[in-house]
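Engineer: Spelled out from the first residue to the last, the chains are:
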Amino acid sequence: MTDLFSKFDPLIETRRALLATGVTDPFNLVMERVVSPTVAMCNGRETILLGTYNYMGMTFDPDVIEAGKQALDDFGSGTTGSRVLNGTYAGHRAVEEALKEFYAMDHAMVFSTGYQANLGIISTIAGKGDYIVLDIDSHASIWDGCKMGDAEVVPFKHNDIEAMEKRLKRIPEGAGKLVVLEGVYSMLGDIAPLKDMIRIAKENGAMVLVDEAHSMGFIGPNGRGVAEDQGCLDDVDFVIGTFSKSVGTVGGFCVSNHPKFEIMRLVCRPYVFTASLPPSVVATAATSIRKLMHGSNKRTHLWENSKTLHKGLRDAGFTLGTETPQSAIIAVIMPDLERGAAMWEALLREGLYVNLARPPATPANMTLLRCSLCAEHSAEQVQTILGMFERAGKAVGIID
Amino acid sequence: MDRAATAEKIAALIEPFNKKGVAISDATTFAGDLEFDSLTVMDFVAAIEDDFDIIITMNQQAEIENYGQLVDAVVKLQG
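Protein chains in written order, with our numbering: chain W, 354 to 753; chain S, 21 to 99.
It should be emphasised that the hints constitute simulated quantities derived from the structure, not laboratory data.
Be a bit skeptical, because a hint or two may be false.
Stated by the list, open to error - Reference excerpt, derived from the structure (chain W facing chain S, CB under 8 Å, subset only):
(1) LYS453
(2) LYS481
(3) ILE489
(4) GLU505
(5) VAL506
(6) VAL507
(7) LYS510
(8) ALA516
(9) LYS519
(10) ILE524
(11) ALA528
(12) ALA717
What the hints assert, rightly or not - Restricting the straight-line Cα-Cα distance to at most 20 Å, the calculated cross-link-like pairs of lysine to aspartate or glutamate (EDC-like) are:
(13) W:LYS510 to S:ASP57
(14) W:LYS481 to W:ASP503
(15) W:LYS360 to S:ASP70
(16) W:LYS510 to S:ASP46
(17) W:LYS360 to S:GLU69
(18) W:LYS522 to S:GLU85
(19) W:LYS522 to S:ASP57
(20) S:LYS96 to W:GLU526
(21) W:LYS519 to W:ASP497
(22) W:LYS522 to S:ASP73
(23) W:LYS519 to S:GLU69
(24) W:LYS519 to S:ASP70
(25) W:LYS519 to S:ASP71
(26) W:LYS453 to W:ASP668
(27) W:LYS644 to W:ASP416
(28) W:LYS360 to S:ASP53
(29) S:LYS96 to S:GLU83
(30) S:LYS39 to S:GLU83
(31) S:LYS29 to S:ASP71
(32) W:LYS360 to S:ASP57
(33) W:LYS500 to S:GLU85
(34) W:LYS555 to W:ASP590
(35) S:LYS40 to S:ASP22
(36) W:LYS660 to W:GLU676
(37) W:LYS481 to S:GLU83
(38) W:LYS522 to S:GLU69
Quick caveat, the model's predicted, so the values are computed rather than measured.
Every residue, glycine too, gets a C-beta built ideally from N, C-alpha and C.
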């Protein structure tokens, strides 16, 4: 018998060798208690959270919590069914209405996760004979959406406008074209030149899908994302987003002005063949989205946090993923996985949680310590974080 | 462009990516013999696409494991 697990042997060995150095397993952390959007108890220690994508700190908002509790009382713990059968409650409609208002778009469709939103929309709208042109650094859910569908898949170099244009121009005459971009790329925290890319996509007859998972609520005058910030949201055919970051719960969505968009509810398999979100989740999401419409003070503070952390880490001598702070994500580049894991552990001992990101999830096989800031991080917390980074970085030998 | 001329052009294009100077035949594999990782594949494919003004989709790339298959595919894609 061939052991079907033998294909995982190289990864099992990498993991064994890493843990043999005595480092704490970075992929097995337990949050024993969560105190606030920015603090949790880990290994019995109070830990500042700097890797949770909880950009707007909505997870403990009193109105959000109250809405969830009320929905539990009124609608029960779950829907036990598909959106197209028994799984659409008043709350599912209400959250879709909130999304339509938030984005000022005609249609909104809520999925059970952000992953499923990309998987479902991409695999369904791009079919056999169509072409998907996408950035090579796209999120796994975008790639999996491509793999699940029957379209031809054409990647281009990250954020390379010319490479994208060349590929669009080589697509056979008459074929359907979908360009897939992200507002913020989550690994390095860099943003896309959406205005130019979308203009070129349109000039070449392509429809455009933009994943704004890491920008919703924060970037753009109304928090609609990078496309809004660059003044090109009207040219985006499909915006994909998630409830698991700024919104502070779980779920995914697509908003669109396409006149035939509603047919998606019948033909999109990851929407149809799964249970809908629990009533408490859609109630918290709807409340949170409506509050995010008025979040401009929080957005300003989050930008301050991002700028302070970026400058502080640079001044301390760390290598960062972007020259300037472009989003609420700041990626600290580690020399290799071993020292990255050691630094991660040293930070945890200091009382700071960040994400350890490693190949193959990262571009160019980098090991990253990914920091995501929250609007609820106080200015003092950001200074504390900088002190922790400096001490840990010196102890592990990442900086002098 | 015939197979010989195409092969000659690809031989020149692959040179900067063949860091270990592996002797290349039609049977040389990209993942195994040349040890191309996904980033190298992307850059190498882009170089070929730009030079021949073609698209080699991911779907087509999945069918190409060795050098000979690549040359055949590029000959075909030029129409």
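Engineer: Now look at each hint and say whether the structure bears it out.
Structural biologist: We went through each hint and held it up to the structure:
1. LYS453: It is violated, given that the least Cβ distance between W:LYS453 and chain S is near 34 Å, above 8 Å.
2. LYS481: This hint is violated: W:LYS481 lies away from chain S, its Cβ roughly 11 Å from the closest one there, beyond 8 Å.
3. ILE489: holds, 6 Å
4. GLU505: For W:GLU505, the interface hint holds, since the closest Cβ of chain S sits about 4 Å away, which is under 8 Å.
5. VAL506: holds, 4 Å
6. VAL507: Given a least distance of 5 Å, the restraint on W:VAL507 holds.
7. LYS510: It holds, given that the least Cβ distance between W:LYS510 and chain S is near 7 Å, below 8 Å.
8. ALA516: holds, 7 Å
9. LYS519: holds, 7 Å
10. ILE524: This interface hint holds because 7 Å falls under the 8 Å limit.
11. ALA528: Check failed: Cβ of W:ALA528 comes no nearer than 11 Å to chain S, outside 8 Å.
12. ALA717: holds, 6 Å
13. W:LYS510 to S:ASP57: Holds, at roughly 15 Å.
14. W:LYS481 to W:ASP503: Holds, because 5 Å separates the two Cα atoms, which is no more than 20 Å.
15. W:LYS360 to S:ASP70: Violated, because 35 Å separates the two Cα atoms, which is more than 20 Å.
16. W:LYS510 to S:ASP46: This hinted pair is violated, its Cα atoms lying about 28 Å apart.
17. W:LYS360 to S:GLU69: Violated - the C-alpha atoms of S:GLU69 and W:LYS360 are around 32 Å apart, more than 20 Å.
18. W:LYS522 to S:GLU85: violated, 27 Å
19. W:LYS522 to S:ASP57: Violated - the C-alpha atoms of S:ASP57 and W:LYS522 are around 27 Å apart, more than 20 Å.
20. S:LYS96 to W:GLU526: holds, 18 Å
21. W:LYS519 to W:ASP497: violated, 24 Å
22. W:LYS522 to S:ASP73: Roughly 10 Å separates the two Cα atoms, so the pair holds.
23. W:LYS519 to S:GLU69: The given pair, whose Cα atoms are some 9 Å apart, holds under the 20 Å limit.
24. W:LYS519 to S:ASP70: Holds, because 8 Å separates the two Cα atoms, which is no more than 20 Å.
25. W:LYS519 to S:ASP71: holds, 12 Å
26. W:LYS453 to W:ASP668: Roughly 42 Å separates the two Cα atoms, so the pair is violated.
27. W:LYS644 to W:ASP416: Holds - the C-alpha atoms of W:ASP416 and W:LYS644 are around 9 Å apart, at most 20 Å.
28. W:LYS360 to S:ASP53: holds, 19 Å
29. S:LYS96 to S:GLU83: Holds: S:LYS96 and S:GLU83 sit about 14 Å apart, inside 20 Å.
30. S:LYS39 to S:GLU83: violated, 24 Å
31. S:LYS29 to S:ASP71: holds, 9 Å
32. W:LYS360 to S:ASP57: holds, 17 Å
33. W:LYS500 to S:GLU85: holds, 19 Å
34. W:LYS555 to W:ASP590: Status holds; Cα separation ~10 Å.
35. S:LYS40 to S:ASP22: violated, 28 Å
36. W:LYS660 to W:GLU676: holds, 11 Å
37. W:LYS481 to S:GLU83: holds, 17 Å
38. W:LYS522 to S:GLU69: Measuring from Cα to Cα gives roughly 12 Å; hence the hint holds.
The structure fails hints 1, 2, 11, 15, 16, 17, 18, 19, 21, 26, 30, 35 (numbered hints given earlier, in ascending order).
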